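If you want the building blocks of each chain, they are given just below.
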Amino acid sequence: MAGEEIYYLSVTELAKRIEGKKLSPVELTQAYLARCEKFGPRLNAYARLTPELALAQAQAAEKEIRRGHYRGPLHGIPYAAKDLLAVKGVPTTWGAKPYANQVFDYDATAIEHLNRAGAVLLGKASMIELAGGMNYRFASASLQGEAQNPWNTACWTCGSSSGSGAAVAAGLAAFAIGTETWGSIVCPSAFCGVSGLRPTYGRVSRFGAMALAPSMDKIGPMARSAEDCARIFAVLAGHDPKDHGTLPLDKAAFTYSPSMDLKARALRVGWLTNAWKTMEPGVAKVIDAAEKTLRRYFPSVRHTTLPQGPFEDAANITMGIEGAATFRSLLRSGQVSELADPLGQINGYVNEQLSGADYLQAQRVREILQRKMADLFDSFDVLATAAQPIAATPLDFNLETGLAFPDPLGGIGNLCGLPALAVPCGFTDQHLPVGLQFVARAGDDFGVIQAARTFQAHTDWHHKHPRLV
Amino acid sequence: MDEKPAKGISRREFARRAAIASAVASWAPVNAAPITAAIAAASLPAKQAQQPPANLPKLSPEGQAEVEARVQAILGQYGSRFSEEQKADIRRLCTLVQPPLDRLRAYALANSDSPALYLKPLVEREKKPAAAAPAKSPAASAAPSANAPPAAKTPAAKKP
Numbered sequence: 001m002a003g004e005e006i007y008y009l010s011v012t013e014l015a016k017r018i019e020g021k022k023l024s025p026v027e028l029t030q031a032y033l034a035r036c037e038k039f040g041p042r043l044n045a046y047a048r049l050t051p052e053l054a055l056a057q058a059q060a061a062e063k064e065i066r067r068g069h070y071r072g073p074l075h076g077i078p079y080a081a082k083d084l085l086a087v088k089g090v091p092t093t094w095g096a097k098p099y100a101n102q103v104f105d106y107d108a109t110a111i112e113h114l115n116r117a118g119a120v121l122l123g124k125a126s127m128i129e130l131a132g133g134m135n136y137r138f139a140s141a142s143l144q145g146e147a148q149n150p151w152n153t154a155c156w157t158c159g160s161s162s163g164s165g166a167a168v169a170a171g172l173a174a175f176a177i178g179t180e181t182w183g184s185i186v187c188p189s190a191f192c193g194v195s196g197l198r199p200t201y202g203r204v205s206r207f208g209a210m211a212l213a214p215s216m217d218k219i220g221p222m223a224r225s226a227e228d229c230a231r232i233f234a235v236l237a238g239h240d241p242k243d244h245g246t247l248p249l250d251k252a253a254f255t256y257s258p259s260m261d262l263k264a265r266a267l268r269v270g271w272l273t274n275a276w277k278t279m280e281p282g283v284a285k286v287i288d289a290a291e292k293t294l295r296r297y298f299p300s301v302r303h304t305t306l307p308q309g310p311f312e313d314a315a316n317i318t319m320g321i322e323g324a325a326t327f328r329s330l331l332r333s334g335q336v337s338e339l340a341d342p343l344g345q346i347n348g349y350v351n352e353q354l355s356g357a358d359y360l361q362a363q364r365v366r367e368i369l370q371r372k373m374a375d376l377f378d379s380f381d382v383l384a385t386a387a388q389p390i391a392a393t394p395l396d397f398n399l400e401t402g403l404a405f406p407d408p409l410g411g412i413g414n415l416c417g418l419p420a421l422a423v424p425c426g427f428t429d430q431h432l433p434v435g436l437q438f439v440a441r442a443g444d445d446f447g448v449i450q451a452a453r454t455f456q457a458h459t460d461w462h463h464k465h466p467r468l469v
Numbered sequence: 001m002d003e004k005p006a007k008g009i010s011r012r013e014f015a016r017r018a019a020i021a022s023a024v025a026s027w028a029p030v031n032a033a034p035i036t037a038a039i040a041a042a043s044l045p046a047k048q049a050q051q052p053p054a055n056l057p058k059l060s061p062e063g064q065a066e067v068e069a070r071v072q073a074i075l076g077q078y079g080s081r082f083s084e085e086q087k088a089d090i091r092r093l094c095t096l097v098q099p100p101l102d103r104l105r106a107y108a109l110a111n112s113d114s115p116a117l118y119l120k121p122l123v124e125r126e127k128k129p130a131a132a133a134p135a136k137s138p139a140a141s142a143a144p145s146a147n148a149p150p151a152a153k154t155p156a157a158k159k160p
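First to last, the sequence lines map onto chains Z and X. Start counting the first sequence at 1; every next residue gets the next number (my numbering). Start counting the second sequence at 1; every next residue gets the next number (my numbering).
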């Protein structure tokens, strides 16, 4: 095995070596497991490692590859899965004390797909309790405690896919699976300096994944590059009769080949000027530079704005009511008081009081918003802006007040099920990563991949990684 | 007929009056009416009764009444679970949720604006053995109940 750089190789590069039999999946897995044991607890990146399963999967992959049966680019690649995805026989805690001993006897569909692709599960990544479904005030809102940002361990990773972000950024997995209802892939990707894809709603089955807000929940990859995200997404995507929310076969499936021409389509990029009210100066500087880079490679970049309206409110109300309904038994039983976060212990009770009429109003506004966004995407293929207006926050930061800034794009994107891809685009003066996000029309996941791949073809921010000692 | 005494009030009327009184109580200035102030003080956590919460949005009387109804519904159903500090926080959260609701409700909609919800008929289903249990999502299968706390090992969910 080579030195530390191996932990930061992309899936694409690892796959080349594994397919060429220059890299042993067993040795790679052993190396990752050793690193996870060393750094994982320090960062609170993992809820649980699964070394026996990982080694068994790696050995099986190695045997198959030796026999000439190479399954594809994830074969023998070690990864982490957010601890809300059911893995047969392995505790799945949803990051929350009331579910600390929960074990399912089946795999989530996403895990099944990864198993079929020959990927190697290193462990379950830590997460914010119930994926933040009851809301939270502090980074410590997790059964595992606060996830520390590998770029600066005094800072947080963002949530709720906290461990997934930490694991990829710290080289504790080649990729990770995260989920997003609102911001939970995009924000940790930005704070941790990794690439994260939030797919179109309905392209990846949520069967076996903890439900939060069923009309908004999505599962997606977090990895080292947009290309890696595309490869992983191609494995995850597809219709699933067990998830009633998945799109039909022809709309859900995604195929990806690196030969897909980046110039297949001259992307019309809209640079959003009203996605964030204010931006941290250090972030704004980086984002300005990213816009200039984009303009160099997408001459058609034009400024544009998101539609105005109570769309973020509609998203908030939809998520709040669906979350309270999903976890009603937790509220009614009083076990919600076992959550770690003081806000999480009570906020569900408030959401439980919101009315059905208000929910329906939100859904009627949602339908209008979908049409407005479709109109916007008649003029643009991809929208771009900062993934977050701030960099990673201190571990003890009060998130209820400090992260309470408006996020219309997050609300709109998640309410309409639009795909988004966040990629690193630079660092603040404090050497904290800054992310750029691309958002496209529902179903046009390739649009955000094409835009992000183009950006990464001309920048090297995604090759940077923290030094852990 | 089994009529109520003329001077009595129905339970619905009682609830309506109580909600109004409660809403008025929490909006009335403390020095305006000692009785309502006393009611307000009694219904609020000690700390909050002494000083009005800062940085909370100003609401219309209707909005405030709705907040109060929400607070009372929570406290009426679950009140014994909360500390005074939590009760105050619940009141704050109930207040904070009101402006988004007001903005959402104010958005003009036509009768023909349909919700982004529709029934998707179940036209496909995996074949499964006749003895198999009905499909359950992890959330449904593992959701804790008041009778069976899941802190102990949760029974494994059935594979659909």
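Please keep in mind that the hints were generated in silico from the structure rather than gathered at the bench. Remember, predicted model here, so these are calculated numbers, not experimental data. Errors might be hidden in some of the hints.
List time: in silico DSS-like cross-link candidates among lysine-lysine, alpha-carbon distance up to 25 angstroms [unchecked claim]:
#1 K263(Z) - K251(Z)
#2 K120(X) - K97(Z)
#3 K464(Z) - K292(Z)
#4 K63(Z) - K16(Z)
#5 K285(Z) - K464(Z)
#6 K21(Z) - K88(Z)
#7 K263(Z) - K277(Z)
#8 K58(X) - K242(Z)
#9 K63(Z) - K22(Z)
#10 K372(Z) - K58(X)
#11 K251(Z) - K63(Z)
#12 K251(Z) - K120(X)
#13 K277(Z) - K58(X)
#14 K120(X) - K87(X)
#15 K88(Z) - K251(Z)
A partial selection of chain Z residues facing chain X, derived with a Cβ cut-off under 10 angstroms [said to hold, decoys possible]:
#16 N135
#17 F138
#18 L343
#19 A357
#20 A362
#21 Q363
#22 L369
#23 H463
Backbone N, C-alpha and C fix where the C-beta goes; we use that ideal spot for every residue, glycine too.
Verification of the supplied hints:
1. K263(Z) - K251(Z): holds (23 angstroms)
2. K120(X) - K97(Z): Between K120(X) and K97(Z) the Cα gap is close to 35 angstroms, so the pair fails against 25 angstroms, i.e. violated.
3. K464(Z) - K292(Z): Given pair K464(Z), K292(Z) holds - Cα atoms ~20 angstroms apart, limit 25 angstroms.
4. K63(Z) - K16(Z): At roughly 17 angstroms apart (the allowed maximum being 25 angstroms), K16(Z) and K63(Z) satisfy the hint.
5. K285(Z) - K464(Z): holds (19 angstroms)
6. K21(Z) - K88(Z): violated (30 angstroms)
7. K263(Z) - K277(Z): With a Cα-Cα distance of about 33 angstroms, the restraint between K263(Z) and K277(Z) is violated, given a limit of 25 angstroms.
8. K58(X) - K242(Z): It is violated: about 46 angstroms lies between the C-alpha atoms, which goes past 25 angstroms.
9. K63(Z) - K22(Z): Satisfied, since the Cα-Cα distance of roughly 14 angstroms is no more than 25 angstroms.
10. K372(Z) - K58(X): Distance ~31 angstroms between K372(Z) and K58(X) Cα, so the pair is violated.
11. K251(Z) - K63(Z): Cα-Cα ~35 angstroms, so violated.
12. K251(Z) - K120(X): holds (16 angstroms)
13. K277(Z) - K58(X): At roughly 22 angstroms apart (the allowed maximum being 25 angstroms), K58(X) and K277(Z) satisfy the hint.
14. K120(X) - K87(X): violated (41 angstroms)
15. K88(Z) - K251(Z): Violated, at roughly 29 angstroms.
16. N135: N135(Z) check passes; min Cβ-Cβ to chain X is 9 angstroms, inside 10 angstroms.
17. F138: Violated - the Cβ of F138(Z) stays beyond 10 angstroms from chain X, reaching only about 14 angstroms at its closest.
18. L343: holds (8 angstroms)
19. A357: This interface hint holds because 9 angstroms falls under the 10 angstroms limit.
20. A362: holds (6 angstroms)
21. Q363: Status holds, d = 3 angstroms.
22. L369: holds (8 angstroms)
23. H463: violated (37 angstroms)
The structure fails hints 2, 6, 7, 8, 10, 11, 14, 15, 17, 23 (numbered hints given earlier, in ascending order).
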